[in-house]
Amino acid sequence: MTAITENSIPVTARNTKDEMIAFGLMTALLLVVPLTGVYPFFVMQALCFALLACAFNLLIGYGGLLSFGHAMFLGTAGYITAHALKVWGLTPELAILVGTAGAAGLGIVTGVVAIRRQGIYFSMITLALSQLLYFIYLQTPFTHGEDGIQGIPQGHLFGIFNLANPTILYYVVLAGFLFGFLLIFRTINSPFGEVLKAIRENEQRAISLGYKTDQYKLLAYILSGTLAGFAGSLKVFVAQNASLTDVHWTMSGEIVLMTLVGGLGTVFGPVVGAFVIIAMQQYLAGFGQWVTVIQGVIFVVCVLTFRRGVVGEIAHHFRRSL
Amino acid sequence: MQALYAQLLVGLINGSFYALLSLGLAVIFGMLNIINFAHGAVYMMGAFVAYFLLNLAGIGYWPALIIAPVVVGIFGMFLERTMLKWLSGLDHLYGLLLTFGLALIIQGVFQNYFGSSGLPYSIPDELKGGMNLGFMFLPIYRGWVVVFSLIVCLLTWYLIERTRLGAYLRAATENPTLVRAFGVNVPRMITLTYGLGVGLAALAGVLSAPINQKYFYPEASNTVVFVLMVLVLLVKPSGLTGRAA
Numbered sequence: 001m002t003a004i005t006e007n008s009i010p011v012t013a014r015n016t017k018d019e020m021i022a023f024g025l026m027t028a029l030l031l032v033v034p035l036t037g038v039y040p041f042f043v044m045q046a047l048c049f050a051l052l053a054c055a056f057n058l059l060i061g062y063g064g065l066l067s068f069g070h071a072m073f074l075g076t077a078g079y080i081t082a083h084a085l086k087v088w089g090l091t092p093e094l095a096i097l098v099g100t101a102g103a104a105g106l107g108i109v110t111g112v113v114a115i116r117r118q119g120i121y122f123s124m125i126t127l128a129l130s131q132l133l134y135f136i137y138l139q140t141p142f143t144h145g146e147d148g149i150q151g152i153p154q155g156h157l158f159g160i161f162n163l164a165n166p167t168i169l170y171y172v173v174l175a176g177f178l179f180g181f182l183l184i185f186r187t188i189n190s191p192f193g194e195v196l197k198a199i200r201e202n203e204q205r206a207i208s209l210g211y212k213t214d215q216y217k218l219l220a221y222i223l224s225g226t227l228a229g230f231a232g233s234l235k236v237f238v239a240q241n242a243s244l245t246d247v248h249w250t251m252s253g254e255i256v257l258m259t260l261v262g263g264l265g266t267v268f269g270p271v272v273g274a275f276v277i278i279a280m281q282q283y284l285a286g287f288g289q290w291v292t293v294i295q296g297v298i299f300v301v302c303v304l305t306f307r308r309g310v311v312g313e314i315a316h317h318f319r320r321s322l
Numbered sequence: 001m002q003a004l005y006a007q008l009l010v011g012l013i014n015g016s017f018y019a020l021l022s023l024g025l026a027v028i029f030g031m032l033n034i035i036n037f038a039h040g041a042v043y044m045m046g047a048f049v050a051y052f053l054l055n056l057a058g059i060g061y062w063p064a065l066i067i068a069p070v071v072v073g074i075f076g077m078f079l080e081r082t083m084l085k086w087l088s089g090l091d092h093l094y095g096l097l098l099t100f101g102l103a104l105i106i107q108g109v110f111q112n113y114f115g116s117s118g119l120p121y122s123i124p125d126e127l128k129g130g131m132n133l134g135f136m137f138l139p140i141y142r143g144w145v146v147v148f149s150l151i152v153c154l155l156t157w158y159l160i161e162r163t164r165l166g167a168y169l170r171a172a173t174e175n176p177t178l179v180r181a182f183g184v185n186v187p188r189m190i191t192l193t194y195g196l197g198v199g200l201a202a203l204a205g206v207l208s209a210p211i212n213q214k215y216f217y218p219e220a221s222n223t224v225v226f227v228l229m230v231l232v233l234l235v236k237p238s239g240l241t242g243r244a245a
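Going down the list, the sequences are from chains X and S. Residues in the first sequence are numbered from 1 upward in steps of one, following the working numbering. Residues in the second sequence are numbered from 1 upward in steps of one, following the working numbering.
Hints in this document: simulated from the structure, not taken from any laboratory. Even glycine gets a Cβ: it sits at the ideal position worked out from N, Cα and C. Check before you lean on any hint, since a few could be wrong.
[As the list claims (entries may be wrong)] Chain X regions said to be covered by chain S (calculated; three or more residues, Cβ under 8 Å):
hint, stretch
1, 45-58
2, 125-136
3, 194-205
4, 292-300
[As the list claims (entries may be wrong)] Label-pair restraints from in silico Cβ distances:
hint, chain 1, residue 1, chain 2, residue 2, range
5, S, Gly15, X, Thr16, 20 to 30 Å
6, S, Leu119, X, Val297, 22 to 32 Å
7, X, Val38, S, Asn112, 28 to 38 Å
8, S, Gly89, X, Leu209, 20 to 30 Å
9, S, Gln2, X, Val113, 51 to 61 Å
10, X, Ile207, S, Leu119, 37 to 47 Å
11, X, Tyr283, S, Trp144, 27 to 37 Å
[Stated by the list, open to error] Chain S is faced by these chain X residues, among others (derived, beta-carbon under 8 Å):
hint, residue
12, Leu66
13, Ile120
14, Asn189
15, Gly286
Please build the complete structure, drawing on both the sequences and the hints.
If you want it as structure tokens, here you go:
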């Protein structure tokens, strides 16, 4: 059986150099975005989803665990951050912290249940847990049900940066994204990341080598969920609302789609995939409901013919790791 | 007490839909090892085919009960032949992703053409009305759904556990290579199995059409399918072409 990630190339010094160059290019491009006149809201939204997809990719690409419920982290952190900002009146940095901590807590609780199973079983358990949360959020009063939490004040980060200013908000979101991205990059290149890859390739062998694989998987799951929650907290400042769509199972599907399009198990794939999908949603918005169908078609085409994804294909063609 | 009986009966009726749906899921999972994410979508398609048959061709409920599952089943076999087949040998998660994409497509297309408001489909004359059970009033149609589902479940069980075809099927689940060596066309059986599973879902769709006037893919039915998927995985039915995890 072929593992779900076909993009695994052993890490060598040259590959790490390639990745550093690619990272430099990406950062430089993202830094000059506000000067180019591209709609900043679009890029900010794409950055939040890129971080979310990267967090998801940490699980599937390096742990071999396909989570079909990552929207629950996005939504939970979003709701908590929004509630903290609007009702508790916390400062932005504290609200982000509370939201991310909430996602981390959720990661611990759901992780203990979910990582006991692998493959399809893991996917279905995460899906079930996120559906459970969806219906809880539909009923609880603090989420305001179908309306969601709206009109969230953006405030001043650290009391200095006015987040209502799009340019300042952009750089704050970018900083958050780069922080999350580097954390994931560091994780997958650490001994911890190597063990994760070993578990992905052959869990039984990893166990026989003396690794407590459950603990590794749980830690990866919590880290992934926490970073997904961080992305959800950032998104609240961009969208200024927190709604049920963020917890819905189609959102979980979208996260999978982004990562699949970009390339499962590649470092930069989820970022590319998130930009592609968000751009598609932006520019095809005129087609209304047909966007769902187009997404479905992309899913099918990717699975049937394009399993490496955009970045995976490029990396494969040039025999590099990206 | 009356309320309790009524609730139990409603549970029994819903349970019979779920039984048909999860039977299809279990059969597909057992043979193809794929969790069929498109199951909710084909369930809806069953109801739609019945609606089309009535409104375009004037074919009523009774023929639709047979025609709709067959039509949707053939559609399922077409999907298996053209797409799912190419994923054998890959990680099973790709099957999940592919059927998820198919679900989005089917759901999106129907939603675009027919909206989300639901279409009317009336109960056939023979099954109209109801009877008084003493503790509650039972609409005849609902009683019919329970009985009919039970018969279909038993027939499926018989097909898989007691017939030659079923024996081949179970053998192919255990060891496809060996069964192929005996000259059994295993790929064709896989296609048929997928068609059978999808057809069962469509049958549940036709049965549900007169009950839920708003049967167009409501959020609840979606969730129901998810719950059933989890149940199928947890129970891992060992009789119905199930396999050890």
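These are the hints, each one checked on the structure:
With 0 residues having a Cβ less than 8 Å from any Cβ of chain S, the stretch 45-58 of chain X misses the three-residue criterion, and the hint is violated. Under a criterion of three residues with beta carbons nearer than 8 Å to beta carbons of chain S, the stated coverage of the stretch 125-136 of chain X is upheld, 5 such residues being counted. Coverage of the stretch 194-205 of chain X by chain S is violated [criterion: at least 3 residues with CB-CB distance below 8 Å; count 0]. Only when three residues or more bring their CB closer than 8 Å to a CB of chain S does the claim for the stretch 292-300 of chain X stand; here the count is 8, and the claim holds.
At about 57 Å, the beta-carbon gap between S/Gly15 and X/Thr16 misses the expected band of 20 to 30 Å. As the Cβ distance of S/Leu119 to X/Val297 is approximately 25 Å, the hint placing it in 22 to 32 Å holds. About 31 Å separates the C-beta atoms of X/Val38 and S/Asn112, a value consistent with the hinted range of 28 to 38 Å. Checked against the hint of 20 to 30 Å, the C-beta distance between S/Gly89 and X/Leu209 comes to roughly 28 Å, which is consistent with it.
Remark: the range hint 51 to 61 Å for S/Gln2 to X/Val113 is contradicted by a beta-carbon distance near 39 Å. Taking the beta carbon of each, X/Ile207 and S/Leu119 are about 54 Å apart, not inside 37 to 47 Å as hinted. For the hinted restraint 27 to 37 Å between X/Tyr283 and S/Trp144, the CB-CB distance of approximately 50 Å leaves it violated. Taken as an interface hint, X/Leu66 checks out: its beta carbon lies about 5 Å from the nearest beta carbon of chain S, inside 8 Å.
Interface hint at X/Ile120: satisfied, since its Cβ lies 5 Å from the closest Cβ of chain S, which is below the 8 Å cut-off. Contact between X/Asn189 and chain S, as hinted, is not supported at the beta carbon level, the nearest pair being about 24 Å apart and thus beyond 8 Å. Hint status for X/Gly286 relative to chain S: violated, with the closest Cβ pair at about 14 Å, above 8 Å.
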